[in-house]
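Undergrad: Residue-level listing of the chains:
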Amino acid sequence: MENLDLRNPVFATYVIAATIVILKAVAMSWLTVVRMVRANGGFCAPEDVRKTTLNPDPNPKQLEPDERVERIRRIQLNDLESLPYFLFAGLLFVLTAPSLTLARWLLYGYVASRLAHFAAYLTAQTHDTRAALWSVGSLILIFMTVRTLLAALGLWV
Amino acid sequence: MENLDLRNPVFATYVIAATIVILKAVAMSWLTVVRMVRANGGFCAPEDVRKTTLNPDPNPKQLEPDERVERIRRIQLNDLESLPYFLFAGLLFVLTAPSLTLARWLLYGYVASRLAHFAAYLTAQTHDTRAALWSVGSLILIFMTVRTLLAALGLWV
Amino acid sequence: MENLDLRNPVFATYVIAATIVILKAVAMSWLTVVRMVRANGGFCAPEDVRKTTLNPDPNPKQLEPDERVERIRRIQLNDLESLPYFLFAGLLFVLTAPSLTLARWLLYGYVASRLAHFAAYLTAQTHDTRAALWSVGSLILIFMTVRTLLAALGLWV
Chain A
1 MENLDLRNPV FATYVIAATI VILKAVAMSW LTVVRMVRAN GGFCAPEDVR KTTLNPDPNP
61 KQLEPDERVE RIRRIQLNDL ESLPYFLFAG LLFVLTAPSL TLARWLLYGY VASRLAHFAA
121 YLTAQTHDTR AALWSVGSLI LIFMTVRTLL AALGLWV
Chain B
1 MENLDLRNPV FATYVIAATI VILKAVAMSW LTVVRMVRAN GGFCAPEDVR KTTLNPDPNP
61 KQLEPDERVE RIRRIQLNDL ESLPYFLFAG LLFVLTAPSL TLARWLLYGY VASRLAHFAA
121 YLTAQTHDTR AALWSVGSLI LIFMTVRTLL AALGLWV
Chain C
1 MENLDLRNPV FATYVIAATI VILKAVAMSW LTVVRMVRAN GGFCAPEDVR KTTLNPDPNP
61 KQLEPDERVE RIRRIQLNDL ESLPYFLFAG LLFVLTAPSL TLARWLLYGY VASRLAHFAA
121 YLTAQTHDTR AALWSVGSLI LIFMTVRTLL AALGLWV
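Protein chains in written order, with our numbering: chain A, 1 to 157; chain B, 1 to 157; chain C, 1 to 157.
There's no promise every hint is true.
[Stated by the list, open to error] Chain C stretches covered by chain A per the calculated footprint, using a threshold of three residues with CB under 8 Å from any CB of chain A:
{"#": "1", "stretch": "8-17"}
{"#": "2", "stretch": "21-27"}
{"#": "3", "stretch": "31-45"}
{"#": "4", "stretch": "50-64"}
{"#": "5", "stretch": "75-85"}
[What the hints assert, rightly or not] Below are the DSSO-like pairs computed for lysine-lysine, each with C-alpha atoms no more than 30 Å apart in a straight line:
{"#": "6", "chain 1": "B", "residue 1": "24", "chain 2": "C", "residue 2": "24"}
{"#": "7", "chain 1": "C", "residue 1": "24", "chain 2": "A", "residue 2": "61"}
{"#": "8", "chain 1": "B", "residue 1": "51", "chain 2": "B", "residue 2": "61"}
{"#": "9", "chain 1": "C", "residue 1": "24", "chain 2": "A", "residue 2": "24"}
{"#": "10", "chain 1": "B", "residue 1": "24", "chain 2": "A", "residue 2": "24"}
{"#": "11", "chain 1": "A", "residue 1": "61", "chain 2": "A", "residue 2": "51"}
{"#": "12", "chain 1": "C", "residue 1": "61", "chain 2": "C", "residue 2": "51"}
Just so you know, these hints were derived from the structure itself, not from any lab.
For each residue, glycine too, the CB sits at the ideal point set by N, CA and C.
Let the hints inform the model, and build the full structure from the sequences given.
TA: If you want it as structure tokens, here you go:
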């Protein structure tokens with residue numbers, strides 16, 4: 001059986017984790033849209049204050065930062081600094097044929113840590129809470145990456 | 001035949017779409033360079049206003065944002081919020097063995113939507129136009145991701 | 001032997017290069033944390049100036065940009081504009097079955113160019129030095145991507 005086949009349960013675990021984090025990341029873009037519509041502002045390009053069907057009553061103030069929109073942009077940037085690297089590290093990790101139990105703990109653990117981080121950031125919990133949740137995800141990412149590197153160097157059987 | 005083989009037409013379709021969007025993304029970096037050279041400004045690091053061969057006549061104003069440069073930076077950030085996720089979603093989608101027709105519509109449709117979005121953003125079309133083109137790409141991405149997730153969960157034959 | 005098997009030396013080369021750049025990218029996040037702790041500032045969310053165990057003596061000035069923190073954020077953003085695309089271009093390039101020698105020069109050459117770029121940016125070398133190192137990496141990325149596209153189009157045997 002090939003490694004990258006959905007009948008391989010380790011790969012299927014990866015695909016489930018990967019598609020959930022992709023949907024989570026894409027949801028941030030739509031959440032930004034929702035909040036820009038509600039705030040009727042927080043836009044970013046000069047042409048966004050031109051009169052259009054969706055913006056019948058434009059105003060230069062619509063280009064000023066809106067904290068509710070900026071919060072989602074910060075969450076989205078935080079995602080960008082982690083998720084693409086996780087998606088790669090996870091894929092390469094799966095190709096080193098780890099046990100299903102280990103793969104599930106690491107991959108689903110990462111997903112859980114990011115969803116909890118999102119909830120904490122969205123509701124403006126303290127920096128300490130957010131940092132703790134972020135660290136869990138980052139340590140899982142580092143562990144998978146180092147283990148994969150060691151396997152590629154032939155230092156991990 | 002393996003899934004990830006260029007003789008597999010579905011995979012070849014993915015590789016063509018993926019390499020085009022990568023080249024598009026890399027082109028944004030070079031376009032930023034071109035516009036910084038033309039504006040002789042829009043730089044971002046304090047050391048960029050030191051006297052060098054490429055900047056013989058430095059000036060602190062070179063660190064101020066230049067709208068023509070910032071426009072490309074906004075396009076580049078918009079790419080970052082979508083393209084890496086598309087590249088993953090497309091790869092995993094291809095591994096679920098979709099039909100060639102569906103793969104072509106979705107993958108090339110995404111590429112076309114992003115190139116049109118770029119043209120609209122570069123020429124400062126209205127927000128409505130840009131939003132419509134962005135939405136097409138985002139919906140294709142969501143469709144591919146959800147279908148792949150369902151396949152991994154065994155809910156899609 | 002499968003393409004994506006660590007016993008394939010071309011793929012092992014890719015995995016080594018990929019895991020090194022992922023670890024490099026993740027290190028930027030931790031370096032940001034280290035510098036925020038040292039500066040006791042450079043925070044980004046309003047809730048970060050709430051009194052907590054890790055921030056017993058909060059101050060609104062902690063939300064002002066700190067150049068030592070901002071420098072790492074700029075490096076991290078520069079990584080984001082390149083590394084995910086490199087990770088994909090490299091993976092797809094490996095699937096076109098290049099020679100081991102070529103793969104090593106390109107993949108390790110890219111890693112070396114990025115580590116040198118990091119050293120130059122961190123120590124605030126001139127823009128000319130940074131631009132030269134960035135260009136080496138970008139040209140390697142473009143070469144791998146174009147060659148892969150030609151292979152997918154059947155134009156490269």
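Undergrad: All hints are to be evaluated individually against the structure, with a verdict given for each.
TA: Hint by hint, here is what the structure shows:
1. 8-17: holds (count 3)
2. 21-27: It holds, with 4 qualifying residues against the three required.
3. 31-45: holds (count 4)
4. 50-64: holds (count 5)
5. 75-85: Holds, because 4 residues of the stretch 75-85 of chain C bring their Cβ atoms closer than 8 Å to Cβ atoms of chain A.
6. B:24 - C:24: Holds. Residue 24 of chain B to residue 24 of chain C sits at ~24 Å (cutoff 30 Å).
7. C:24 - A:61: Violated, at about 40 Å.
8. B:51 - B:61: holds, 14 Å
9. C:24 - A:24: Holds, at roughly 25 Å.
10. B:24 - A:24: The hint holds at about 25 Å.
11. A:61 - A:51: holds, 14 Å
12. C:61 - C:51: holds, 14 Å
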